Amino acid sequence: MTSDELIARQRKGYSLEQDFYCSEEIFQQDIKRVISQKWLLVDHVSRIPEKGDYFLFEIANESIIIIRQNENTINGFFNVCRHRGSLICLQPEGNKKLLSCPYHAWTYGLDGALRQPPLMPADFDKSKFGLQKCHIKVCYGLIFVCLSNDSPPEFDKEYEEFAEVLDFHGLKDAKIAVKRDYPTAANWKLVVENFIECYHCAAAHPEYTHVHPKDQLLAMGAGPGSGPPDALKKYQATWDAWKEKAETLGHPTPEVIRDEASIDMAQLARLPINDRNFEAETKDGKRACNILMGQFNECDHGETAIQFNPIGYILASNDVAMMVRFTPRDATNTDVQFTWLVDGNAKETIDYDPDNVAWLWDVTTKQDKIIIENNFSGILSSRYRPGPYSTQEARVSTFIKWYLKELDNKPAL
Amino acid sequence: MTSDELIARQRKGYSLEQDFYCSEEIFQQDIKRVISQKWLLVDHVSRIPEKGDYFLFEIANESIIIIRQNENTINGFFNVCRHRGSLICLQPEGNKKLLSCPYHAWTYGLDGALRQPPLMPADFDKSKFGLQKCHIKVCYGLIFVCLSNDSPPEFDKEYEEFAEVLDFHGLKDAKIAVKRDYPTAANWKLVVENFIECYHCAAAHPEYTHVHPKDQLLAMGAGPGSGPPDALKKYQATWDAWKEKAETLGHPTPEVIRDEASIDMAQLARLPINDRNFEAETKDGKRACNILMGQFNECDHGETAIQFNPIGYILASNDVAMMVRFTPRDATNTDVQFTWLVDGNAKETIDYDPDNVAWLWDVTTKQDKIIIENNFSGILSSRYRPGPYSTQEARVSTFIKWYLKELDNKPAL
Amino acid sequence: MTSDELIARQRKGYSLEQDFYCSEEIFQQDIKRVISQKWLLVDHVSRIPEKGDYFLFEIANESIIIIRQNENTINGFFNVCRHRGSLICLQPEGNKKLLSCPYHAWTYGLDGALRQPPLMPADFDKSKFGLQKCHIKVCYGLIFVCLSNDSPPEFDKEYEEFAEVLDFHGLKDAKIAVKRDYPTAANWKLVVENFIECYHCAAAHPEYTHVHPKDQLLAMGAGPGSGPPDALKKYQATWDAWKEKAETLGHPTPEVIRDEASIDMAQLARLPINDRNFEAETKDGKRACNILMGQFNECDHGETAIQFNPIGYILASNDVAMMVRFTPRDATNTDVQFTWLVDGNAKETIDYDPDNVAWLWDVTTKQDKIIIENNFSGILSSRYRPGPYSTQEARVSTFIKWYLKELDNKPAL
Ligand code: FES
Ligand code: FES
Ligand code: FES
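As you go down the protein sequences, you meet chains A, B and C in turn.
Residue numbering for the first sequence follows my numbering, starting at 1 and increasing by one per position.
Residue numbering for the second sequence follows my numbering, starting at 1 and increasing by one per position.
Residue numbering for the third sequence follows my numbering, starting at 1 and increasing by one per position.
Okay, chain A solo, but in the shape it has when bound (with noise of 0.2 angstroms):
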């Protein structure tokens, strides 16, 4: 069956078809029409402080160097050489003066561009065999790509709603407390899917649900948007209150929610942590770092919920902030991948303690792990049936038909 059969088969409310989630052919269609229209969150400023420090972003078949050329200015490069295609970059971290290629010695600026290397025939010019440029925005000391061949979706207009409370969060000066991994048996959308209904958090994570009430979970455990109406209904009384307060602090309260009319589904909310005064995500909700970040003075007892796209989500309390990055690597691969950021001036030990910075959505994600891979092992049966989704999934239908339009479109290639 081709996509475009299987787009038209589709039953609407209902999970996808077995081969969205399977096949290889879809999964480059994926990555064509989908994946590399989108600005992907890919990490913090503060992992390259230095000029020439750089890390490796790997996605699908690329490897992209992000890579400071100085203060101001980071560059994203495909890495592969212009020469006979070897990668440059081997380490997936590190700090390079130049970018020299290891087979060849060709050799590169910070800024791309090409030294002349020798032996080339006199027709040779060099500035047509700088490194490929990827589309990156650097922004609230987030780093962001596009992999697009063509002009990168629009960002700054996008998302000029989300900027006050990037700013207020002081992301900018923020540092990498906790990075860690967890590579996931399954398709990408089923990464999503989980990430975005709270309808399994009552089976599934005994800690989660340990820090959040259940009137919220239930309304918006995975963001506004996610939950029965009646139950948002429900629980607004709760919000509002909390709401009030926060902006007698001071601080905003804006709200997103982009349905799959939008490029990126992108969403924006803040909301109290629970009912029990808990400033953090912590077992004893307890600040999980003694200082708070950005403008944060007195702590509000919330926290922001972000989604930039799919694949890329910040949720902040008011000592520490969590990006989180799902990237796709092959049809039935996932890399998922948590960083945590505190104020740049906490100390570790001292003002943190990493474990506990990241105990809430490691046991958390350590539970979801199982769970995708064992919705995605089930998936591959011949009777497997797209099955319909209940009222604590509605952003999931969303994403659904969001996905199944951005695969619709046939850009250039």
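Warning: the hint list may mix true and false statements.
Since the list can't tell identical chains apart, any single copy or any two copies may satisfy a pair.
As the list claims (entries may be wrong) - Taking lysine-lysine pairs in the BS3-like style, the calculated list, with each CA pair at most 30 angstroms apart, reads:
#1 96 / 366
#2 12 / 32
#3 51 / 172
#4 12 / 133
#5 172 / 157
#6 245 / 175
#7 283 / 172
#8 126 / 214
#9 97 / 369
#10 133 / 179
#11 97 / 366
#12 96 / 369
#13 286 / 175
#14 233 / 245
#15 12 / 126
#16 283 / 179
#17 133 / 97
#18 179 / 347
#19 172 / 133
#20 126 / 137
#21 214 / 401
#22 283 / 245
#23 234 / 126
Worth flagging that the hints you see were computed from the coordinates, not collected in a lab.
Here the structure is a predicted model, which is why all the values come from computation and not from measurement.
On the provided structure of chain A, position chains B and C with the ligands as indicated by the hints.
Then chains B and C with the ligands, alone, in the frame of chain A:
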């Protein structure tokens, strides 16, 4: 080449063309057209004696839950949740009061019926979302399943001539003494071919040729019909004399040999183990279990060979019955499982030693695993050419004809 | 894209399009149209000195038995039984009185003829079921095979200019001192490209550039024809002076350089190791073996470089000759094997130390393995673009033209 072209090209009396053994596409057709249209012997009822006891039967991409609903009923369900497709049972065996999905806790009764899940849309009809049943048949203590989407083939009539012997062996009162797995890196058809000829016994199986006499191995070493007609003619007097003795004891000695035109190539015969008065297939010929099975009051020194179809067998002496299961996993891997049964009252250590029970076929199957894997490796060469069968491979030749006929079936999918 | 379209699209003087390095389909064509049409250097006769001694040569899906029938004859057979296709020899090397199949014991003489197997139908003609021969050629102690189903290419005439030098080196009286394998995870063409240019030597091979002088590496570091014309011109006087000295000693100094129009890109030259009077490619320039090979009575401080074809080479100084074999396994894996030969009378420990014999190319090949694998990884990117060759990669450029020409051959299969 299409499978139709391959079928047309196949030379009679010769082994199969290369693609039949290697191609992933042909394997998919094997599963749909051949394997899924058969009653497959999967295990013995004593594996799941209590209500809620279950085990998983895994074949190709399918995982089937075989679970006891009550004293009288055993059900087979595809291990795929009707919600978003997760595996439901994760362990190879266990006990479940209810079948509850580990993802969002949709819960099914032991009859497969879905209990109302929370938060479903108003028009959700839970009666439409029960677990998908797998055809199942339990008789004489044996559990068979059929994967077909349509009606399964007729069972009772197909095997009615087998009833007396299966009953006489008392399989329904048996218990599992040993179960061993021999995963084999080869196409399932090579595993079958190996099992239904004794042309290789002399070169490969010293233990097997120690237990069985030469003239018998030649005449019917892989069951009746497996040897050359003149060898059978020569052996017939010995066989007839044994049958007469067995009948004097009141033991049945029926004979069934179905050819390539049949649904299953089913086969049944009883014959003496050897002419040295062996009671069992053991090193010294003594019983492997003190207690004889079923209605065997006195030992008749015979064995029973039953082929339900090319991937399911029972070989039984008076004290031990052995179930043989060849389960295709993919084009190049087959799960070989042997299960040895003894009388339900027999006690391990006191009445039988599991290693002694399993001895002959354990050592023989380990030898066959290596042989079959080397056969498969050789077939991968561009110079593999189908070769001619000897007169001692008559049953293999029949199998090839049967397989090509079955593959030519094009059931509605 | 078909391989015809890819060939048409290929830009001259640039590295190959991505699919040539990655596609499994193109690899199958490489094997059929290119590799199978060549005489492949596989090993030295001293590996199988006694009647019945054999080794396996494994390439792509093929396993070839190279076995000594008697003092004068070595045979090559496809390692596939004519009965049901089993591998016949299971060990990488050994000794066999007869070639007996481990499955049903069909037995072949060392000439490949089948002895009458038991129990075959009356019309079975054993003369039609001998082992399938692989073309084989043994000369100067070297064993070559050709996998073609048809007539192999002409050998004697193709290599007649090589005879004097091969004879002079006394290869037929040599013995194997060391053999080492460097399995490389890359397409075979990347392994070849790496071996026939010295553009990467400066950056990658400190030991190699220690042994050889800069001007020589530039002029002909990967054999004559590998460097830019002006560098050769500059080096020519040094080379000519050495040749004159060698000729005074009565040593041959022929030169062969065949281009892309030839069958094999064959090549032959003799040149000085360096200008520091090195006798061998060792750290200190002293001989690696006390005994000089063949007709070298006095050391001429030179080395001989022979290319039979792009996947088979000999590099020899006066004391040691090294065979180089690049064997394609699949589209993304190549077996690299180096075999070092010394005079047949040399004694290990007393006359040579194997580690010292192997030193330079062992360390260099380990470096190349990493380089080549990183080259291959980079080429997998969607942004890999064929790049231009330098003037020091002239021989690579020739190889690409030769390869595309050869791939365009469509031999009857
Ligand atoms: S491949 Fe990078 S310099 Fe040659
Ligand atoms: S997948 Fe089973 S309950 Fe959701
Ligand atoms: S496969 Fe070799 S003898 Fe049968």
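A quick look at each hint next to the structure:
no. : hint      : in the structure
1   : 96 / 366  : between (35 angstroms within a copy, 24 angstroms between copies)
2   : 12 / 32   : both (24 angstroms within a copy, 29 angstroms between copies)
3   : 51 / 172  : within (17 angstroms within a copy, 60 angstroms between copies)
4   : 12 / 133  : between (39 angstroms within a copy, 25 angstroms between copies)
5   : 172 / 157 : within (20 angstroms within a copy, 73 angstroms between copies)
6   : 245 / 175 : within (29 angstroms within a copy, 69 angstroms between copies)
7   : 283 / 172 : within (28 angstroms within a copy, 55 angstroms between copies)
8   : 126 / 214 : between (62 angstroms within a copy, 25 angstroms between copies)
9   : 97 / 369  : between (39 angstroms within a copy, 26 angstroms between copies)
10  : 133 / 179 : within (26 angstroms within a copy, 45 angstroms between copies)
11  : 97 / 366  : between (38 angstroms within a copy, 26 angstroms between copies)
12  : 96 / 369  : between (35 angstroms within a copy, 23 angstroms between copies)
13  : 286 / 175 : within (20 angstroms within a copy, 58 angstroms between copies)
14  : 233 / 245 : within (19 angstroms within a copy, 85 angstroms between copies)
15  : 12 / 126  : between (53 angstroms within a copy, 18 angstroms between copies)
16  : 283 / 179 : within (20 angstroms within a copy, 46 angstroms between copies)
17  : 133 / 97  : within (18 angstroms within a copy, 58 angstroms between copies)
18  : 179 / 347 : within (16 angstroms within a copy, 56 angstroms between copies)
19  : 172 / 133 : within (24 angstroms within a copy, 56 angstroms between copies)
20  : 126 / 137 : within (27 angstroms within a copy, 48 angstroms between copies)
21  : 214 / 401 : within (28 angstroms within a copy, 64 angstroms between copies)
22  : 283 / 245 : within (24 angstroms within a copy, 78 angstroms between copies)
23  : 234 / 126 : between (65 angstroms within a copy, 27 angstroms between copies)
In summary, this structure violates none of the numbered hints.
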